[in-house]
Structures are given as C-alpha cells and as structure tokens.
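A.B. asks: Hey, can you piece these two chains together into the complex? The hints should help.
Chain residues, written in single-letter form:
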Amino acid sequence: MTDAAVGHLLRELAPQVLGAVARRHGDFDAAEDAVQEALLAAATQWPAQGVPANPRGWLYHVALRRMTDHVRSEMARRRREDAVATQVWADWAFVPPPDGEVGVDGDDTLVLLFMCCHPALTPPSAIALTLRAVGGLTTAEIASAFLVPEATMAQRISRAKASIKASGVPFAMPTQAERADRLRAVLQVIYLVFNEGYTSSAGADLHRPDLSNEAIRLARAVHALLPDDGEVAGLLALMLLTDARRAARTGPHGELIPLDEQDRGLWNRELIDEGVALVSGALSRGSAGAYQLQAAIAALHDEAPSTEATDWAQIHALYGLLRRMSDNPMAALSHAISAAMVHGPAVGLEMVAALDADPRIAGHYRLDAVRGHLHQMAGDPERAIAHYRAAARRTASIPERDYLLTKAARLAMGQAEPKAESKASPGE
Amino acid sequence: MKFLLMMNAPYGQAGDHDIFSWPQEAVEAHVEYWNTLNRELKEAGEFVGVHALTPPKQAHIVRAGADGLPAITDGPFPETKEFLAGFWTVDVESAGRAHQIAAKASAAPGPDGEPLFIPIEVRQVMSAPASDQA
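Chains A and B are the protein sequences, given in the same order. Position 51, counted from 1, in the first sequence is what the numbering used here calls 1092; the numbers after and before it change by one each time, with no gaps. Position 117, counted from 1, in the second sequence is what the numbering used here calls 314; the numbers after and before it change by one each time, with no gaps.
No lab work stands behind these hints: they were computed from the structure. We put the beta carbon where it would ideally sit given N, CA and C, even for glycine. Watch out, some of these pointers could steer you wrong.
Said to hold, decoys possible - Covered by chain A, according to a simulated footprint, are these stretches of chain B (three or more residues, beta-carbon under 8 Å):
#1 242-255
#2 299-309
Said to hold, decoys possible - Here are the computed lysine-lysine pairs in the DSS-like style, where the Cα-Cα straight-line distance is at most 30 Å:
#3 Lys301/B x Lys199/B
#4 Lys239/B x Lys199/B
#5 Lys1206/A x Lys199/B
#6 Lys1202/A x Lys278/B
#7 Lys254/B x Lys278/B
#8 Lys239/B x Lys1206/A
#9 Lys199/B x Lys278/B
#10 Lys301/B x Lys239/B
#11 Lys1202/A x Lys301/B
#12 Lys199/B x Lys1202/A
Here chain B stands alone, though its shape is the one from the complex (with noise of 0.2 Å):
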C-alpha cells in the first residue's frame, strides 16, 4: 500500500522555514535525522520518493485568467497558519506501518535538539485492484 505523508510546517518568520534562522548545530542534527529516515525507508525497501519543497515565500498562486492565460500572485500569504514543506511516498504493508514512519517524522529534532512533534498528514495513494464483482 502507498501513503503519502505530508509534513506540515508553522509559517516561518517572513514565509522562510524556521530553520533559516537556527544555530549551525541544530541544522546540522535536523538534516541528518532526515538523511537517516530516507536511508532507513530505503534499507527497507519502502522508499518511493521523497520531495522538499521551497519555502512559502517562493510560491505562487496561479488561477485561470479571463483571458485564460495564468494570473499569478506572489507569496508570502500571512493568512495561511501551516504549510506544507515537504512530503514523501512510502510503500508499506499497512497503514500501521505508515502511521510508525509519519510519528518518526514528526519527532525531528528542533532548534533547542529536543523533537519538534510536526504534524504528519498520512494519505493512503489510490492504487488498489479493482473487482468486477460486486
């Protein structure tokens, strides 16, 4: 089964991530959690991807102009309270399974080394086999 896991991050100051503005010690120890995550979810043969993304503040919002042509606002978007940061796809033989890896996620070291408890949306990917019997 796929999940999908997203992770939620709070709006940073000026719409950066939080960790722009962490001491070098608690960058450090925050990337290599995440270097050891991937490279446990790959040991097991769950990986599937893994994705980060830029901060807020380099997004877009994009909608049909009348011309059809895309209209484009600019971020920061101060109304927004959480964002998403990043996200991976893990094939896993349960929900369960999923739920383990998302709580390994969300205990990711903060600026002070202690577990920031992230929210970890978790979805499951629809990809199961269709019956033609009812």
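The following block holds chain A by itself, in its conformation from the complex (with noise of 0.2 Å):
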C-alpha cells in the first residue's frame, strides 16, 4: 500500500480507535495521546510491511497497550508522590467497559461524534474539536481555516476538552431519549462546518483545508452509520446541492454571483443526482424534517434550466411547510421571496414588512436585500436602490457588500441615463 493509501485509510480510521479507547479509558485526553502514537507507528510500519489484516483492531491494541504504559508510570510516579491518590488513579484507569465488549465499531465514532457536539460546548469549540478528534484535521490545519493563530486554535480544543471533563459528560452512547437532541446538534455543528467553508479570505492559501469537503465527508460518515435517518440524509442532501453550484456561485475574482445569474452549465449534475436521489428517498420514507425540507427546495432550483423555468410554487409551498416547522424568521424571509415569485412583489414586500416586528431578524441586512430586490422587481428603483445601500452597509460578507453596492450603483446609473445600460465601469 502507498503512503498515501496508508494516510487515507488512517483518517478513517482514527476517530473510530479513538472513540473506542476514550470509551474504554474515559479521559479522552489521554486517549488521545496514546492513538496519536498507534497512528504514527501504523504510518512508518504499514506502508514497508503491509498493512494487518486487522487495522482497525491493530491500532486499537496499540493505542490501548500505549495507555496502559501511560497509566503505568503516571501511577509509579504519582506513589512516589501521594499514596492517597495513586487508588484514585487506578480506579480511574481501569474502569472495566460498561457492558464487557473489547473492540472497536461504527457507534464508536457516533459516540465521538456526540462527545464532541455535546450542546455544554459553544459552537466554536464545538466546531474546533469536531475537526480534530473525528475529522482528523491538524491544529495548524483548524487554525488556517478559521485564519487564527495556531495557539489559539490549540486552545480553544484544550478547553473544550477541559469543559467536556468538568461537565461529567459520560463518554458513552446517549440514552435513546437523548439521542434525537444529540443528533440535532452533531448535524447542526456539521452546517456550520459547511458554511464557513463560504467564508470569503483574501488569498487562497493551498494549506487552507476545504471547509465544505469536511463537512460534506462528516456527513457522509453520519449517513454511512445511520442510514435510515431523515435528517442526516437530509442535510447530506442539502449541502451536496447547494455545493454542486459552488463553481458558478462566484465569479473570477471572487465576486458573489446569485441563483439567477448563474451559468447552470457550470454546476455539477454528479452532486445534484446523489443529491436529489438522497433526498428523494429520505421523502418517501415520510415525517419530513428541516435539513429534508431545505434539501428538497435546494433540488428544485438545481433541476430547474433557469429561474423562469423553476417551480416557484412548489417552493413557495416547502418554506410554507419548513416555516410552521421550525418557526425560523430566515425560513419567513425565503417564504417571502417565493411569494413574490408566485402572487408578485406587493405580496412579497408584504410578507416582508410583517417580520419587522420579529426581534430576531429586525434590522437584519437580509430584509433590506429582499426588499431592494422585491421593489426592483416592482419596477421601484428608487426605493430599490436605497434598501440596497442599507443592506450593503450591514453585512459583514465582503462580496455580499460588493454585490449588494453594484446592484444599487447599476440601478442609479439606470435612473440617471436610461440608455447607457451597456456603459463599462472601472475594472471591466
């Protein structure tokens, strides 16, 4: 097998091995150590002397066999210092496993998963040690892609990890109950993973892992160990269509190019068929949920050959249903827009007025970008114009911003030289 070969079958087995010692040990810190040690000594044995029938067994009994020496000498050095704590030690370190299994499994890395997106974390530490223990990314590799220093990544994982121990989380499967909520919050760090995958930087940077593709392989994972769950094949869906327009959704130079502008041939028909036949089938079986919801609206703009040609309706129904779902005032804005693309922009605007009293989203840059859009659309460029420029001033997305401003700025010009449509501006 080739190094490479070697590496890749490694990462995937890593939050495997390591959600089984942690289970077994319950320090994951340690736990951590020791199979950091196992998959060194898998990458320089493996790739001369073949790899064992057995690698996922062979890196459990050496992580293990590694915690052991570990305990070993913390415990000769701990009598030398404190007899009292040396039983508290041992009674730590050899706690039997809860039901007598010895081995490693698939639930292994799902209770990983569940560990690491425990709701006692905030998102970015969650975010942070998702990355780490079971997407297998470095500290380095964590901290480019959220472009903080690499320290600050490294602490920002320690805490977390400090935060899970005084939690007194046990490092077990949840219990049935808790299960849906756990779940909830694995998929819902998975998004978030994926949506700062659309951050814009300056300058790519060839170190900077791929946010998407993580998430987009963690769900893949998720989906690989429950396949009959709705949502995980849901959000899998969702995210593999709205990345199979990631080459037509910006333009050379980084600039945001919207649905209706895309050039359709551009995006990918691979993603939109898995994703379509994901979210097919995920439907079928019944009890929709959100992820299932926003992945069948994101398939019926995929499918469509341009925006005359999408079918408005049906989304203008799926918001309707995701809305009295969830109760999400984004949900409300998007139900908004396909309002209006179904009974016109007065009806629209409307809908989009009756969220100014909704504290979560007043004020929001997204309404005053709807509603530029929706008085456009209503042949009103002049209010048109000025919810753009209010929109451009408060959002924090440089190529939102940028074109958010040149919608306005093209609008002016309109309004100014009806025929000048076609003049070039600085940098065309």
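C.D. replies: Take a look at the structure:
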C-alpha cells in the first residue's frame, strides 16, 4: 500500500479507534495521545511491512497498550508523590468497559461525534473539537481554516476538552431519549462547518483545508452509520445540492453571482443527481424534517433550467411547511421571496413587512436585501437602491456587500441615463 | 466573529504617548495590565493579534506627489485630539463578548492607578459566509 493510501485509511480509522479507547478509559486527552502514537507507528510500519489483516484492531490494541504504559508510569510517579492519589488514579484508569465488550465498531465514531458536539460546548469549541477528533485535521490546519494563530486554536481545543471533563458527561452513547437532541446538535455543527467553508478570504492558501468538503465528508460518515435517519440524509443532500453550484456561484475575482445569474452549465450534475436521489429517498420514507425540506428546495432550484422555469409554486409550498415546522425567521423571509415569485412583489413585500416585528430578524441586512430585490421587481428603482445600500452597510460578507453596492449603482446609473446600460465601469 | 478593537489615546505632550511621563509603578502596573489581558485572550482561544503603535511623533502622512512618488509630511499633527495607540484582533462568539473585552481594555490603570476609561472603537471584520440565494 502506498503512503497516501495508508494515510487515507488511517484518517478514516482514527476517530473510530479514538472513540473506542476514550470510551474504555474515559479520558479523552490521554486517549488522544495514545491514538496519536498508534497512528504514528502505523504510518511508519504499514507502508513497508504491509497493512495488518485487521487494521482497526491493530490500532486499537497498540493505542490501548500505550495507554496502559502511560497509566503505569503515571502510577509509579504518583506513588512516589502521593500514596492516596494512586488509588484514585487506578480506579479511574481501569474502569471495565460497560458491557464487557472489547473492540471497535462504527458506534465509536458516533460516540465521539456526540461528545464533540455536546450542547454544553459553544459552537466554535464544538466545531474545533469535531474537526480535530473526528475529522482528523491537525490543529494547524484548523487554525488556518479559521484564520487564527495555531496557539489560539490549540487553546480553544484544550478548553473544549476541559469543559467536557468538567461537565461530567459520560463518554458513552447517549440514551435513546437524549439521542434525537444530540444528533440535532451534531448536524448543526456539521452544517456550520459547511457554511464556514463559504467565507471569503483574501488570497487562496494551498494549506487551508476546504471546510465545505470536510463537512460533506463528516455527513457521509454519519449517513453511513445511520442510513435510515431522514435528517442525516437530508443534511447531506442539502450540502451536496448547494456545493453543486460552487463553480458558478463566484466570478473570477471571488465576486458573488446570485442564483438567477449563474451559468447553470457549470453546476455539478453528479452532485445534483446524488443529492436528489438522497432527498427523494428520505422524503419517501415520510416525516420530513427541516434539512430534508431545505434539500428538496435546493433540488428544485438545481433541476430547473432557468429562474423563470423554476417551480416556484412548489418552492413556495415547501417554505410554508418549513416555516410551520421550525418558526425560523430566515425561512419566513425565503417564504416571502417565493410568494413574490408566485403572486407578485406586492405580496412578498407585505410578508417582509410583517417580519419587522420579529426581534430575531428586525434590522438584519437580509431584510433590506430582499426588499431591494422586491422593489426592483415591482419597478421602483428608487426604493430598491435605498434598500440595497442599507443592506450593503450592514452585511459582514465582502462579496455580498460588493454585490449589493453594484446592484444599487447599476440601478442608479439606469435612472440617470436610461440608455447607458452597456457603459463600461472601472475594472471591467 | 472577528472584531478589531482600536485604542484611541489622547494626544500626549509633544507627540509622545502620555505614559512617557508616568512614575515607574504606574508604568509597570499599566504594562502588566496589558500582559494579563493578552494572556487571558490567548487562554480563552480568542486571540488573533495585537499591535502597539509608535508615538504619533514618529508618524508620517504620505500622499502621492505630482510625479507619483511619495510626498511625505512629518508628525506631530497638533490638530489631532486623539490618535490610534494600538489595536487587537479577536475572534469571539458575539459582539457582546467583543464589547466586554473592549471594556476591560478601557479600564487600564493610569498614572494614579485609577482606570483611564480609554475610548475603544469596536469594529467587526468582514468575514461572514456569503449566500447565493437571495
């Protein structure tokens, strides 16, 4: 096996082995060190000597032996230092596995994910820990993905581990009653990672990992473990169907190209087909969740040959369902856009106006962006310009600000000199 | 979310930082305050960077000259009441947390050991994900 193939295999096995060792010993930090050593041993031995028949078992046993060595030497040190602590340490170190089982299975990856995405952690901590422990990224890679110094990311990860330890959460599969909540937290963390991948940053960095791909990889792993869960399938489908538009959604300088102006020939058919199949399969099993509905909406966009030929009535109905299900003001805003596409901009604007009373979204730039769009649709450039500019002032995304300002400037120019449409602007 | 925290200091005598004329203990307490704040930010996993700037006396204003070459004016600039003394970049979970950090920076001790209540300008760094759906 080549070094690269071994590396790929190790990356897949690492979270499973880490989950198993941490589950047996209850100490995440020490387990991580032991697994690191086992991985290092495998990376040096396997390419030359061949991959063992049961690579997962090999890693697990090497890690376990390291863990035991570590515990023994700690015990010896402690015996010298503090006779009382020795007993505590020994009790802690040799807790038998809950049901006497030994070995590694897919559940260990799930246990690890459930732990990393524990609701006691803040989203940034959960994201960092998940990418490190389950995604197998190095601290340096995660730091560069979030554009912070490596020491800062290392600190964030070790604090996350410390708060898990302090919370006393057992390192085990959550009870059936807790599972739905915990899975929701896992999916939310994965989706946050995916969206973070769409953050613009000046200057591409070859060593900066692609967070959207990482999120898709994580979702694939969860889907493989829980193939019958509709929301897991829904999230994976939603990300595939969004990612399918990646090549078309930005111009050569990173400028944002909205859905209705994208070159649909650049969309990735393979990802669209996979996403559509996933979401159709999930929906046919009944009880649609929020991710499945969003995936179904993305599928309708991705399958349409143009904005005009998009099935807006169907999208409008799906946003209506989503709204009833999740009471999410962003869903309500999208519902207003689809209403405008079906019933005209006046209806959409009325629905947007109702959102001004919702403190969760009132004053959000996206309300102004949508108002700008709907006023433009209604043939009121003056109001459209004012709202586009208001939105540009408040967004924290550079490509979005540039897009909104350009929209406003184009409309303003059209108003001043109606026939100067093709006049070149600087930079063109 | 990343924020830039800009510390604006009053324009000191003859274009120096005020601290140049403080007693030793006040200088030490002041420096220790920044060290502690920076260490806390690092331990919290929120630190991105910090830069202290040389006094305004050392500053130059540069404009393009008629020939495109830099045309340079030296400081100090007596019309300026406040100037940028330094800035942090922090990566935090909310604007509220950035405001907390700014308040802490604002309370750095002055020549008499009392908080200076330095004005800190807090600005969000543009780095949010963009969406292609309206």
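A.B. asks: Now, for every hint given, state plainly whether the structure supports it.
C.D. replies: Okay, the hints, checked on the actual structure:
1. Restraint check on the region 242-255 of chain B versus chain A: 5 residues with Cβ-Cβ distances below 8 Å, three needed, restraint holds.
2. For a cut-off of 8 Å, the count of residues in the region 299-309 of chain B with a CB near a CB of chain A stands at 0, and the three-residue condition is violated.
3. Our distance criterion of 30 Å between C-alpha atoms is met by Lys301/B and Lys199/B, whose separation comes to about 17 Å.
4. For the proposed pair Lys239/B and Lys199/B, the alpha carbon gap of about 14 Å is at most 30 Å, so the pair holds.
5. For the hint pairing Lys1206/A with Lys199/B, the CA-to-CA distance comes to about 28 Å; that is within 30 Å, so the pair holds.
6. Between Lys1202/A and Lys278/B the alpha-carbon distance is near 47 Å, which puts this suggested pair outside the 30 Å criterion.
7. Proposed proximity of Lys254/B and Lys278/B is supported: the alpha carbons are some 14 Å apart, at most 30 Å.
8. At most 30 Å may separate the alpha-carbon atoms for a hinted pair to count; Lys239/B and Lys1206/A meet this at roughly 21 Å.
9. Taking the CA atoms of Lys199/B and Lys278/B, the gap is near 28 Å; set against the 30 Å cutoff, the hint holds.
10. Between the alpha carbons of Lys301/B and Lys239/B the distance comes to roughly 15 Å, so the proposed pair stays at or under 30 Å and holds.
11. Using a Cα cut-off of 30 Å, the hinted pair Lys1202/A and Lys301/B holds, with the two alpha carbons roughly 27 Å apart.
12. Between Lys199/B and Lys1202/A the CA atoms are separated by roughly 23 Å; this keeps the pair inside 30 Å, and the hint holds.
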